[in-house]
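Undergrad: Spelled out, the chains give:
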Amino acid sequence: MIFTQQAALKKSRMDWTLFIAMLVLLTVGTVAIVSSVAILPQQARIVRTHLIALPLALIAFSVGWRLNYQVFQDQWKFVYGLVLLSLAAVLLFGVVDKGARSWFRLPLFSVQPSEFARIGLILVLANYLDKRIAKIQELSVVLGAFLLALPVFFLLIKQPDFSAILITLPIILIMLFAAGANIYHLAIILGYSFISGLLPVLWTLINMNPELLDNTLVNYFFHLSDFGWNTLFFVSGTGVAAYLLWLLSVKLYSNISGVYFAGAAVVIALGFLSGVMVKHQMKEYQQKRLEVFLSPETDPRGAGYNLLQARVAIGSGGIFGRGVFAGTQSRLGFVPERHTDFILAVIGEEMGFWGTALVAGLYVLVLRRIKLAAGLARDRFGYLVNCGIFGMFMVYFFINFGMLLGFIPVMGVPLPLLSYGGSNMVATLMAVGIAQSIYARRYALV
Amino acid sequence: MIDRNISQERLDYLWVFAYAAALVFLLRLVNLQVIMASHYREIAEKNRTQIISQAAPRGRIFTSDDVAMATSKPSFSLIYFPGQLKTNSELDALASGLSRQLTMPFEDLRGTLYKSARRETPVRLAENLSSKTMFALSELKTIYPGVDIIVEARRFYPFGSYLSHLIGYISKMDAREWSVYGKDKKYSMDSRVGKTGLEKMYEKELKGRDGGIYLEVDSRGKLSRILESRKWVPGSDVYLTINSKAQAAAEEGLAKSATGKGAVVALDPRSGAVLALVSMPEYDPNMFVAYQDERDQEKLKNLPEFNVALQGAYPPGSPFKIITSAALLESGKVPTGETFYCPGYYDAGSRVFKCWQKKGHGKTSFLDGLANSCDVYFYNAGLRVGPLNIENMARQFRLGMLTKIPLPEEKEGNVFGPSKRAARKSYWFIGDTLNLAIGQGETLVTPIQMALLMSAVANGGVFYRPYYVDKIVNGEGATLYRGKHAELSRLNFKDSTWSLLRQGLMQVVDEGTGQVAKISGVEVYGKTGTAQNPQGKDHAWFVAYASLPGQPSEVAVSVLVEHGEHGASAAAPIAKAVIEALLKSKLPSKTYAAPVSSVQLGTAAPAGPVPEEGKI
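First to last, the sequence lines map onto chains W and B. Those letters in the first sequence? Residues -18 to 427, by the numbering used here. Those letters in the second sequence? Residues 3 to 618, by the numbering used here.
Quick caveat, the hints were computed from the structure, so don't treat them as lab data. Glycine is no exception: its CB is placed at the ideal position from the N, C-alpha and C atoms. Be aware that one or more of the hints could be misleading.
[Said to hold, decoys possible] Cβ-Cβ distance ranges computed for the label pairs, FRET-style:
{"no.": "1", "chain 1": "W", "residue 1": "141", "chain 2": "B", "residue 2": "106", "range": "48 to 58 Å"}
{"no.": "2", "chain 1": "W", "residue 1": "-3", "chain 2": "B", "residue 2": "22", "range": "20 to 30 Å"}
{"no.": "3", "chain 1": "B", "residue 1": "108", "chain 2": "W", "residue 2": "179", "range": "54 to 64 Å"}
Could you build the full structure based on these sequences and the hints that come with them?
TA: Here it is in structure tokens:
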């Protein structure tokens, strides 16, 4: 295996497949952006910004590719410092757009440091995990990783930029998983997130269907969402139940450690409390989005309208599409955020099933090439960095496609390489450049 | 290979997970874009287009002599396009200007304009503008660039109420009709559809394809551009077998009659084609075309939709003697030479039955009896022939049966006789036979049945199903449908029966009760009648057929004047006018000297110009 690959790989310092897939996606994205903004008043500005960002992104790609990625491991403190500094600076000097202070305004365009912070965090985390690989099975390493990310999250919440957090959290989990962290630890974190995420969904569902409250159990459950005695009872009840179960298991001479019972109780209680917090912290538009996801047809002219229209756009494209620059849904403004988060709807409408299948296929190809590069990486740091980049693409792919196709609620998450957004494009291409750098400096070439 | 001290296994798991998710996404995309594509395409199309429809002209309805009974007239509607005029003060000014011209309340107009401007959708402000308003509005157009006038086709009936029972009328759809027609893309919510008569029966053919201005709108409903202006396709024209002159004569005659109520039916004995059909009271179908307010709704409620010609069942009176005569002649039980003495009454033992002529007819033979309508002769003859024979003969003449004219809700009338009594387990008295013989009692007939009876006498016993649609021709001139005569049944009588019957009927007009209907140069065969009406004045009947000498008969007509009292004076002149209208032109001009009918329909036939193209 090594021999044959060695022969083939000696020739290239660049993964051309990945590079071409990336270029095709960029081209498709550019066409879709130009088409979708055609009748918008800010059309000229958007196209201009995109055309400025495109060469900048290619430069970032070259830099990432030419630079030896190992420098990021050596200078991880510098990278980490830069991430924190830029995020702190944007809070001080940034401008507010769409309710979030997350932009640096430059003469020709704006820069969103959170996009770059994500790449920086991947590099820092890869270094952290690389150093502690021997103790990876211990909980301390998992907690340490989150501790490392905590200041970043803190600064992101301050902006606030929830979608950046939404993307970054799963990336950390994926990196921990790929690095070989204890599966139980990850399960605890997942369980906690699941409970704290599921409860608000259930509560919203009950809120939408008040007739469910007739059931006493449902009624009790619903009232748990209010802070108060109910909540306290529930939390202490969980503890008592766990304790009793442990006693029972001891009586039954089982060898299950009490830690598991305590852990489960803590996870449930914490997840529950977080769920209550989330429910109370949710902004109105987020609440609305959740309701729309749960039943998009209830309010076709309101919040459900956007999603419905996006789906109509995709569906109306048919197999061959309505022709580039001929999609009525997107061009006449029925599809919201059509050049950013809903770019796939534009592609679906104008290029049809072949367009969307091509995009999905290219995304799978990109994931595959990054995974391949990870396998060839000359050191563990490179492997872990590629795992992080792989995770990043995977999360974007899942959330953006899933949201448009109706598998998950609408979230403001773009589709990298396709969506309009200069900072995102530059950061994404830099990440691809780093993956190429890892590929170029693979073991076989030393 | 590399000492990384790390297993790649977990990345492989992630990869498999991503790959599986991609497959799920792909399946979902197939579902959305391949399987459901047409569904979503339709929604997308509806999203983006808005149509200002322009009603296509309905097919015209012509008589057999090419006079348009129903046509279309250009009608102008006022449209407001939001865009140039938007501020409230501008709209207020426009509303006040328009309300003066349109005589519509200012508040209504302003409300409509505000709504339209807010939603940025065009709106129809007024329909059926008069030409006077049009001129005033075209001036306004230059001041207010947001308003425009479009042309549409509107139904127009040039002769108002003429033939209204046959043609019917059109109006807006009700919920039930919408559920039927709405499936057809040719219809929109405000389309007019045929409610009764021809307009309803041939709705599919008469309805054209509406044109329209297709506007592309964006997500806020704001006008972005005009996609196309689609021209309408007019509906197919219907040609009737009705003769406009005969129809006019019948309409005029009945309107001028004593009560102005009743029916006239004229058939062509050679085919069953309806030549004239009048039922009074009638209505003006034009009143439903225009904008309907509460007043019209009230009119609609009291609409005289009852078609006397086929729904009104009356005792036949003396014309029934034709049937009694036929029974008499066919059975041979009463020799035609035999006379009965008429003292002016007939003593049936328990009761005395009168002849209409109090002083009596004296010694009466068959031909005299028929010509003078001597009741006593028919009492005697009827008793001799027997009620069963008469009842059977009435059935052979298709009384108590539908004529099957393709119009809804025809009534079948009633035949009574001993067999029907027996079926009802009731008794038959001698008085019943006497009543039966002269067409009083329980027998009920409709005017169209009588016309059909006369046409059978005229053509030697063939009953044709009455029809009134000659052909339907579409816009390209292709004939879609052609009316054909269909035989319902046939009488096989002896030749002597027919000749004696005709001789008797001719004598009625020549020297008997129906002399009013005499036309020089035309052979008119008829029978007067007076149907006793216990509720009020008697109904007047006159049934006739006519032919030019030596030619087969071309018209059979029945006239009923409700409460007209005397068939000879009330009904016969109408029948005469109808026959004249049909046959006078075929006469050699010298022999004809009758006064010309006051009605000159043929020349006053504007086949309403169809507007060329709708324009914004």
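Undergrad: Give a verdict on every hint.
TA: Okay, the hints, checked on the actual structure:
1. W/141 <-> B/106: 48 to 58 Å: 55 Å, holds
2. W/-3 <-> B/22: 20 to 30 Å: With Cβ atoms ~27 Å apart, the hint holds.
3. B/108 <-> W/179: 54 to 64 Å: 59 Å, holds
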